[in-house]
Amino acid sequence: MPISHLRVVGGGESMAMLPDEIWAHILEIGTDSASLTYRDLCALAMASRRLSRLSAEPALWSTLLAIDFPDGEKVSPSPKALYQTRFKLEKAKRVALQRAKMLFAQSKVAVSRKRLQELKLSLVREGDRLKAAVEELRNLERARTASVALNVWQPDVVRGRQKQIVEQCTVPIESRVCALKMEVQVCKQQIANFNKTYEEEKKKLGKHKQALASLEYHPLQSHFNSTPSDSNKRKRLELSSDSKLSSAAFEWDEQEKAESF
Amino acid sequence: MGKTIKLISGDGEMFEVEEAVAFQSNIIKSLADEDNADDCIPLPRVDSQILSKVLEFCRKHANSPSVHTKFAAIPSELCPKHDGSAAGASSSESSSAHSETCRACYDAVMKLVQWDLEFVKVDLDLIHHLLKAANYLDIEDLMFMAVEGAANAIRGNNPEEIRKLFDLENDFTPEEEKEILKEYSWLDDPFEP
Chain A
0 MPISHLRVVG GGESMAMLPD EIWAHILEIG TDSASLTYRD LCALAMASRR
50 LSRLSAEPAL WSTLLAIDFP DGEKVSPSPK ALYQTRFKLE KAKRVALQRA
100 KMLFAQSKVA VSRKRLQELK LSLVREGDRL KAAVEELRNL ERARTASVAL
150 NVWQPDVVRG RQKQIVEQCT VPIESRVCAL KMEVQVCKQQ IANFNKTYEE
200 EKKKLGKHKQ ALASLEYHPL QSHFNSTPSD SNKRKRLELS SDSKLSSAAF
250 EWDEQEKAES F
Chain B
0 MGKTIKLISG DGEMFEVEEA VAFQSNIIKS LADEDNADDC IPLPRVDSQI
50 LSKVLEFCRK HANSPSVHTK FAAIPSELCP KHDGSAAGAS SSESSSAHSE
100 TCRACYDAVM KLVQWDLEFV KVDLDLIHHL LKAANYLDIE DLMFMAVEGA
150 ANAIRGNNPE EIRKLFDLEN DFTPEEEKEI LKEYSWLDDP FEP
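Protein chains in written order, with numbering that gives the first Met the number 0: chain A, 0 to 260; chain B, 0 to 192.
Isolated chain B (complex conformation):
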């Protein structure tokens, strides 16, 4: 459909993807813009396992509005309803701002969000890598969802479980521990020491 971009992971594997997919990453986009001769972009800091996961995400998001975009601002080209019906629709309709109440857009975004939530329902290790990759490659939506995934992993745990999750030491002194228990005694179901 369009131009493709070649990406090389830190461990030397090559991934060829469409521009729309790769340009989800602002870093790749800016690198591709300035590097007009070479259409091969090296990403030494991302290894192939993670990169393929990242690209899976980007592929899904390539032709969808971002989760953050307000519905009214979604351009009509991205609306599933207007797909390929440009001929039939009146020209004024396709150029004006997209309706805030477009049901098709709403459904599409909600479906995407569902997919995203499933995508980040993975172990913390992977989320950790996705976070770093999203940060490094500056992929806004992936960052957002990875953060969501991390928050979900944290939710509902008591302090001991959190320490286990993140491999943390309990670096409070016994006196501090006592203080803390007192400090948080107002909770409905106070945590045990």
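Chain A with its partners taken away, still in its complex shape:
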């Protein structure tokens, strides 16, 4: 519907002089094709009274609702207010999600640290056990050599001493020595295992601490971060109505999930 009173000259007229109908058209097509976002409408609203009136048009906000929040209420007496509500809701969800992520990351760091402590204790315990076994072995060796010496050496003084040692030893020596040698082996193996696990857990702790640090460092990402690109525009000009923005779900690190179970 052409407006006949417009003169088209190469003069210095400002675009603001265009009649409301054309402005409405610009805003309508702009939002339809996702060239204009909610931020742009708000910026327009804050620029001047006339633009404030034009950008408050409910149909525009209905369009934005359909694009940005496709599943949900479609009809509302005040689409702009509804948009604001949905927006705040999404934001609150994102904040809560972020907090949950943080707590999860923190707990993983705590669990790792605890595991490391337990491993240390186990190592100490096992080390003690090893020491005891080695000590006992040494004693038994002494008793064995003592009993051999007993059969070889005659002098009473020496004999007396050896006899003392042999008498002190109540356990059948050979089998005990065998058992102890095995115990020493087992202890050494355990210690090696614990050390290995300790190193692995230390690495895990490092990873978890890194994950936590990155969460703390990166500010909350905006859901509507991306500005519409040309390719998006092409899509909008096509038949299908693409839902540009995916839902606000975040992806747990699949590996993390597997690790914790």
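Hints may contain errors.
Here chain A is said to cover these stretches of chain B; the calculated rule only asks that three of the stretch's residues, wherever they fall, bring their Cβ under 8 Å from a Cβ of chain A [to be verified]:
1) 57-64
2) 148-155
3) 167-178
Think about it this way: if two alpha-carbon atoms lie no more than 30 Å apart in a straight line, the pair counts; the simulated DSBU-like pairs of lysine-lysine are [what the hints assert, rightly or not]:
4) A:K202 x A:K130
5) A:K90 x B:K28
6) A:K92 x B:K181
7) B:K181 x A:K90
In short, the hints are calculated from the structure, not lab data. Backbone N, C-alpha and C define an ideal beta-carbon position, used for all residues, glycine too.
Given the structure of chain A, go ahead and fit chain B onto it with the hints provided.
Chain B alone, transformed into the frame defined by chain A:
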């Protein structure tokens, strides 16, 4: 190839173009229909600089489907694939509705859209004139793209920049300003006063 139409701009320059090009404008089309003796159409409200830009657009769109046309409705004559192969193709194929999935049509339209988007990546002043011309001459596709161009120019600016772009006064009172800031505090990155 066909009849030509003569157009005279507001500053007296004459442009001769093919019918298919000129008839992109519904106004020119209706004027040419009723005016059978005179094939010279005056356009006092459009000056030569703008008119030549408009005609550049129309020339590009002359033998293409409109951006708005659904693919299925594109007549086969406009499909690049069927160009000149009418003899080879079966008669039923060329007369039936064009396939919605015709790859050649899809590519052609997408290429055209790309060209259009580049065409309107110009300063606001030109877009302003294109808007008015498209409105006056009733050229649907140009109107659509000029509007797109305007929307693109608006996008991503804060209120101060928008005022600068369109030469606007900040006609809010200081109290109203405060109200507005509060009203829009829910934005992720609220605009500064």
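Check: For the segment 167-178 of chain B, do three or more residues have a beta carbon lying closer than 8 Å to a beta carbon of chain A?
Finding: holds (count 5)
Notebook entry, point to check: At a Cβ distance under 8 Å, does chain A reach at least three residues of the segment 57-64 of chain B?
Noted result: violated (count 0)
Margin query: Cut-off 8 Å, C-beta pairs, minimum 3 residues; does the coverage of the segment 148-155 of chain B by chain A stand?
Written below: holds (count 6)
Next item on the list: Measure nothing beyond the straight line between the CA atoms of A:K202 and A:K130; if it is 30 Å or shorter, mark the hint as holding.
Entry: holds (29 Å)
Notebook entry, point to check: Taken at face value, is the distance from the CA of B:K28 to the CA of A:K90 at most 30 Å?
Noted result: violated (53 Å)
Check: Given the hint that B:K181 pairs with A:K90, does the C-alpha gap stay at or below 30 Å?
Finding: holds (18 Å)
Next item on the list: Sort out whether B:K181 lies within 30 Å of A:K92, counting only the CA atoms.
Entry: holds (22 Å)
Violated hints, in rising order: 1 and 5; the structure is consistent with all others.
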